[in-house]
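Asker: Here the protein sequences come in this chain order: A and B. In terms of the numbering used here, the first sequence opens at residue 1 and continues consecutively. In terms of the numbering used here, the second sequence opens at residue 1 and continues consecutively.
Hints are computed from structural coordinates only; laboratory data are not their basis. Among the hints, a few may not be true.
One copy or any two copies: either way a pair holds, since identical chains are not told apart in the list.
[Stated by the list, open to error] No more than 25 Å apart at the CA atoms, straight line, and that leaves these computed lysine-lysine pairs for BS3-like:
(1) LYS110 with LYS26
(2) LYS109 with LYS38
(3) LYS50 with LYS30
(4) LYS101 with LYS38
(5) LYS110 with LYS38
(6) LYS151 with LYS30
(7) LYS30 with LYS110
(8) LYS105 with LYS115
(9) LYS109 with LYS143
(10) LYS140 with LYS30
(11) LYS26 with LYS101
(12) LYS101 with LYS115
(13) LYS105 with LYS143
(14) LYS143 with LYS115
(15) LYS26 with LYS115
Here's the letter readout for the chains.
There are 2 protein chains.
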Amino acid sequence: MKTLTITAIATLLFLSISGSAQNTSKADQKILNFIFPKGELGPSGNFTGKAWNIGLVENDTIYNTVVGNVYFEPGARSNWHRHPSGQILIITDGTGYHQIKGQPKQSLKKGDIVKCPPNVEHWHGASPDTGMLQQYILPKTEKGVVTWLHKVTDEEYLGNK
Amino acid sequence: MKTLTITAIATLLFLSISGSAQNTSKADQKILNFIFPKGELGPSGNFTGKAWNIGLVENDTIYNTVVGNVYFEPGARSNWHRHPSGQILIITDGTGYHQIKGQPKQSLKKGDIVKCPPNVEHWHGASPDTGMLQQYILPKTEKGVVTWLHKVTDEEYLGNK
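The following block holds chain A by itself, in its conformation from the complex (with noise of 0.2 Å):
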C-alpha cells in the first residue's frame, strides 16, 4: 500500500509538471501528437519565427502533387505566397490561422481542412500560444509549386481584416 500511494504521488506529480508552462515552445512539443519528425527549419526570408518543413511526397509527373507537414512553433507564421494550382491544408493537431487576401482571418484546430484556390494569396501559422501540425498538399504541380511573397505584419497576424 506505501509503495503504491509513492508510486501514485509520483504519477500526479508528473502529469501536475507536464501540464504548465504551456506557453513554451518545448512545452507545446509535448502536448502536440507529432506524425513526422519536425524535419528542417523554414529560411527567414520566408517565415516569422520558426516553422519546420519535412517532405513526404516530392514533386514528379506520375502523381503531380507535393506533400508535406510543417510544424509552426508558438506565434510562427508564413509569409503571404500564392500557389499557381492552389492548396490543400490538413490541421492534424494544435490550433493556428489561415487568411485569404481581402477575407478575415480564419481559426484552425485539429480536423480542420482548408483549401486556398490557385494563384490567391493567403497564408498561416500558429496560434500565440499554441503550435499547429499541418499537413500540405500541392496539386498540379505542373504548374508550379509557389511563390513566397512578403510577410505578415504583427497587424496582420493579430488583427481580424
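Starting from the known structure of chain A, arrange chain B on it as the hints suggest.
Answerer: This is chain B only, laid out in the frame that chain A set:
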C-alpha cells in the same frame, strides 16, 4: 492526504483498465489518435471487416484531388483495387499492411507514406491485432478515382507473397 491517495488509486486503476484487452476494437479506438470522426462504414462488397471512411476533400475541377481518411479496425482490409492516377497513403496511427500485386506485403506504421502507381492493383488494411488510421490522396481525378476488384483472401492477408 487520504483524498489524494484515493484519487491516485482511482487514476492508477483507470490507467490499468484502459491498457487491457488491446485486441478488441473498442480498446483499439482508445489507443489510436483519431484526427477526424470515423465516418461511414465502407460497403461489405469492397471491404473485409469494418473499414470506416470519411471524405475530407471532394472531387472538383479546381484541385482534381480527392482526400479522405479510413479507419481500418483490426483485421479489416480493402478488396484489391486500382486507381487510374495512383494513390498516396499517409499512415497517421496504428499498424497495417499495403500490398502491390506481385510484390511482398509491406508492413505499415504511424508516419509511413505509401505510393501506388496508376492502374496498379493493390490492397491495404489493418494488422490482425491493431487498427490503422490512414489518409488517402487521389490525384488527377479527371482520369477517374477507383476500380474495385475481388476480395483479399485470408491466405493473401496473412501470407507474405
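Asker: Would you pick out the hints that fail for this structure and give their numbers low to high?
Answerer: 4, 6, 9, 10, 11, 13, 15
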